[in-house]
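J.: The chain contents come next:
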Amino acid sequence: MSDPARPHRGTIFVEDAEVLSIDRHPGGQFILRLRSPKCATRATAGSFVHVQCDHTIPMRRPLSIMRANADEGWIEVLFKVVGEGLFSLGHKEPGDRVSSLGPIGKGFRPDAKRPRTLLIGGGVGIPPMIFLAETLLNDAGNWQPLAIMGSELPFPFELRRSAIAAGWIDADVDRNLGLLEDWGVAGRLASLTGFPGTYRGYVTGLAERYLASLDDSALAEVEVFSCGPTPMLKAVAALAARFGLPCQVSLEEYMACAVGGCAGCAVLVQTDEGPAMKRVCVDGPVFDAARVFAAA
Amino acid sequence: MPVAKEQKTNPLALDFCGLSLDSPIVLLSGCVGFGEEYTRVEGFSNRDAGAIVLKGTTREPRLGNPPHRVSETPMGMLNAIGLQNPGVDRVVDEILPTLDFAETRFIANVCGSRIEDYAAVTRRFDNSAIDAIEINISCPNIKEGGVSFGNYPDMSAKVVAACRAETTKPIIAKLSPNQTDIRENARRCIEAGADALAVINTITGMAIDVERRRPVIGNIQGGLSGPAIKPIALLKVRQVYEVAGPLGIPIIGQGGIATARDALEFLIAGASTVGVGTALFYDPLVCRTINEGIGSYLVRHGFGSVAELTGTLVTGTAPATPRPGPANESCA
Ligand SMILES: Cc1cc2nc3c(=O)[nH]c(=O)nc-3n(C[C@H](O)[C@H](O)[C@H](O)COP(=O)(O)OP(=O)(O)OC[C@H]3O[C@@H](n4cnc5c(N)ncnc54)[C@H](O)[C@@H]3O)c2cc1C
Ligand SMILES: Cc1cc2nc3c(=O)[nH]c(=O)nc-3n(C[C@H](O)[C@H](O)[C@H](O)COP(=O)(O)O)c2cc1C
Ligand code: FES
Numbered sequence: 027m028s029d030p031a032r033p034h035r036g037t038i039f040v041e042d043a044e045v046l047s048i049d050r051h052p053g054g055q056f057i058l059r060l061r062s063p064k065c066a067t068r069a070t071a072g073s074f075v076h077v078q079c080d081h082t083i084p085m086r087r088p089l090s091i092m093r094a095n096a097d098e099g100w101i102e103v104l105f106k107v108v109g110e111g112l113f114s115l116g117h118k119e120p121g122d123r124v125s126s127l128g129p130i131g132k133g134f135r136p137d138a139k140r141p142r143t144l145l146i147g148g149g150v151g152i153p154p155m156i157f158l159a160e161t162l163l164n165d166a167g168n169w170q171p172l173a174i175m176g177s178e179l180p181f182p183f184e185l186r187r188s189a190i191a192a193g194w195i196d197a198d199v200d201r202n203l204g205l206l207e208d209w210g211v212a213g214r215l216a217s218l219t220g221f222p223g224t225y226r227g228y229v230t231g232l233a234e235r236y237l238a239s240l241d242d243s244a245l246a247e248v249e250v251f252s253c254g255p256t257p258m259l260k261a262v263a264a265l266a267a268r269f270g271l272p273c274q275v276s277l278e279e280y281m282a283c284a285v286g287g288c289a290g291c292a293v294l295v296q297t298d299e300g301p302a303m304k305r306v307c308v309d310g311p312v313f314d315a316a317r318v319f320a321a322a
Numbered sequence: 313m314p315v316a317k318e319q320k321t322n323p324l325a326l327d328f329c330g331l332s333l334d335s336p337i338v339l340l341s342g343c344v345g346f347g348e349e350y351t352r353v354e355g356f357s358n359r360d361a362g363a364i365v366l367k368g369t370t371r372e373p374r375l376g377n378p379p380h381r382v383s384e385t386p387m388g389m390l391n392a393i394g395l396q397n398p399g400v401d402r403v404v405d406e407i408l409p410t411l412d413f414a415e416t417r418f419i420a421n422v423c424g425s426r427i428e429d430y431a432a433v434t435r436r437f438d439n440s441a442i443d444a445i446e447i448n449i450s451c452p453n454i455k456e457g458g459v460s461f462g463n464y465p466d467m468s469a470k471v472v473a474a475c476r477a478e479t480t481k482p483i484i485a486k487l488s489p490n491q492t493d494i495r496e497n498a499r500r501c502i503e504a505g506a507d508a509l510a511v512i513n514t515i516t517g518m519a520i521d522v523e524r525r526r527p528v529i530g531n532i533q534g535g536l537s538g539p540a541i542k543p544i545a546l547l548k549v550r551q552v553y554e555v556a557g558p559l560g561i562p563i564i565g566q567g568g569i570a571t572a573r574d575a576l577e578f579l580i581a582g583a584s585t586v587g588v589g590t591a592l593f594y595d596p597l598v599c600r601t602i603n604e605g606i607g608s609y610l611v612r613h614g615f616g617s618v619a620e621l622t623g624t625l626v627t628g629t630a631p632a633t634p635r636p637g638p639a640n641e642s643c644a
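Residue numbers (my numbering), protein chains in the order written: chain L, 27 to 322; chain W, 313 to 644.
Hints were generated in silico from the structure; no laboratory data involved. Every residue gets a Cβ at the ideal spot worked out from N, C-alpha and C, and that includes glycine.
Computed footprint of chain W on chain L, listed as stretches where at least three residues anywhere in the stretch have a Cβ under 8 Å from a Cβ of chain W:
hint, region
1, 30 to 38
2, 79 to 85
3, 269 to 282
4, 288 to 296
5, 300 to 312
Turn these sequences into a full structure, and let the hints guide you.
T.: Given below as structure tokens:
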């Protein structure tokens with residue numbers, strides 16, 4: 027029963043989602059697959075779910091959707107334990123149920139005129155970048171995504187020596203996420219810790235090497251997408267501004283309702299009408315970087 | 313004369329200061345935006361609530377407070393949104409026309425920092441489609457150095473009287489729990505012309521991030537809501553009912569209602585309707601569960617309508633009088 031005058035109605039689903047699998051990774055990182063068929067059909071890169079971690083912790087926790095398979099009716103999230111909510115979620119077992127609300131939010135909107143999509147993910151900001159890579163892969167357009175992912179914890183993925191050449195970086199920086207390799211998506215990794223085959227430094231350092239290798243006509247085809255800790259996003263926004271590139275970032279803020287009702291998640295955004303407080307849950311979580319971070 | 317056909321009446325329907333509500337559930341101000349937000353959720357319907365109170369509205373637009381604005385606490389949450397709203401003109405001109413008044417009753421929530429502001433906002437809503445006007449007297453009074461109007465009976469009454477002069481629509485005074493004697497405040501608000509009372513607003517509180525030794529909430533202090541405040545709210549409803557009940561002034565009981573059982577407690581304590589706010593954040597479809605639970609309780613206990621339940625608290629040593637009806641079937 028869709029209402030043409032109110033297209034927002036009935037677009038977010040409450041599902042009693044069965045845990046299909048939970049993979050545990052070092053550093054309190056988890057990849058959780060949930061049976062959530064309705065959410066899976068409408069999820070887009072950058073959208074998220076608001077999940078109840080435990081009956082004793084009634085407030086939900088927002089988590090980006092990393093993958094969604096509408097045919098098989100599942101979604102996947104990746105999270106790192108911060109406090110008691112995600113700690114409880116990490117104790118779920120296959121067969122357990124988790125109340126999931128989603129998909130929520132306006133996701134990334136890549137511009138077809140800029141097919142060189144540069145995806146920069148840090149830590150638990152990696153999931154929406156994976157979703158975006160998979161979306162571009164399945165899209166008919168002539169996308170040429172490059173993923174630059176950073177983590178100070180061991181990456182919660184299989185890492186592989188990349189078969190996709192990257193002349194812009196030293197030959198020993200050669201690892202990519204196995205998942206991206208399978209999809210034929212170019213990628214390189216960064217970590218200050220210096221995991222083997224990764225660039226020792228920040229994701230922005232690695233991204234800068236890539237951008238500096240491009241000529242003006244190639245740069246004119248680049249658009250930057252990013253998710254990760256706020257200091258990283260600010261650095262990404264500054265880098266994009268320096269190269270004159272459009273940049274979309276996915277923000278985090280504490281949430282209560284996650285459907286636009288409480289204004290609890292609002293952040294300051296510069297709009298054409300002046301400064302405004304926009305809700306990360308339904309006006310975002312993806313925003314134009316230049317409108318949320320003052321030009322650096 | 314034709315004999316009136318026997319109509320199947322909805323036992324959850326009630327009259328609330330002249331408004332006919334299909335359910336005793338009132339969705340609370342600040343939790344449901346400007347009335348359409350929760351309809352994003354499949355299975356949620358504004359029809360499941362008897363009324364919906366819109367976000368606190370001021371004369372001028374307000375950006376509200378810096379983040380973080382919300383934070384979970386044990387069985388509750390703190391909020392300090394700072395009354396973010398587009399100002400009364402845009403609410404009346406741009407938002408009200410988009411609402412479907414066939415679905416439920418919409419109530420405005422009026423705020424201000426000066427009595428003139430409350431009066432001006434009320435006047436603007438009086439000339440609109442809104443069904444009733446709730447006065448949030450918990451806003452800080454800038455003239456008196458930021459203290460809350462609602463914590464002082466004199467000031468509360470002045471605000472209510474000023475709004476009363478501006479409208480013939482039903483006025484609901486929303487009482488603060490952050491005061492010594494809520495009964496006195498209730499009495500004064502009724503004398504000043506309130507048609508109904510909302511009891512209670514949030515309780516002030518704070519939380520600290522010990523690692524950073526900083527307040528979690530950007531505004532330092534916030535309002536505590538959710539199940540954690542329920543016992544406090546219930547007692548306040550009982551106290552206000554002692555004053556308002558005999559005068560026929562109905563109460564929207566609220567503070568931590570998350571289940572049908574919670575709602576029933578408030579009704580028995582003296583509320584005519586029950587407010588649901590924070591519980592929506594836990595379960596966006598909670599209205600249906602609460603409506604069903606109240607409905608089956610009415611049947612089990614032989615009440616023909618929800619209004620009969622209001623204020624039926626049994627105190628002293630006398631046993632609760634058994635009521636006739638299907639109740640006896642299910643006696644265990
Ligand atoms: C749109 C969005 C997408 C996110 N995606 C991911 C993801 O894919 N993977 C992941 O690991 N994390 C993600 N986060 C962050 C994640 O929601 C928080 O780490 C989580 O809520 C912490 O809960 P906790 O109980 O473990 O921690 P606690 O610190 O005990 O949480 C206390 C309260 O603060 C809130 N809170 C604390 N940190 C954050 C934060 N960074 N963002 C929002 N709320 C917070 C919690 O929700 C909770 O209400 C995302 C946040 C947002 C807003
Ligand atoms: C996020 C949030 C915002 C609120 N904003 C308002 C408001 O603008 N005006 C108002 O009168 N009450 C406001 N309240 C108070 C609620 O309307 C309600 O009185 C209170 O939360 C207690 O009910 P609950 O425990 O069911 O949430 C707000 C509460 C929350 C949680
Ligand atoms: S969390 Fe309630 S509006 Fe975003």
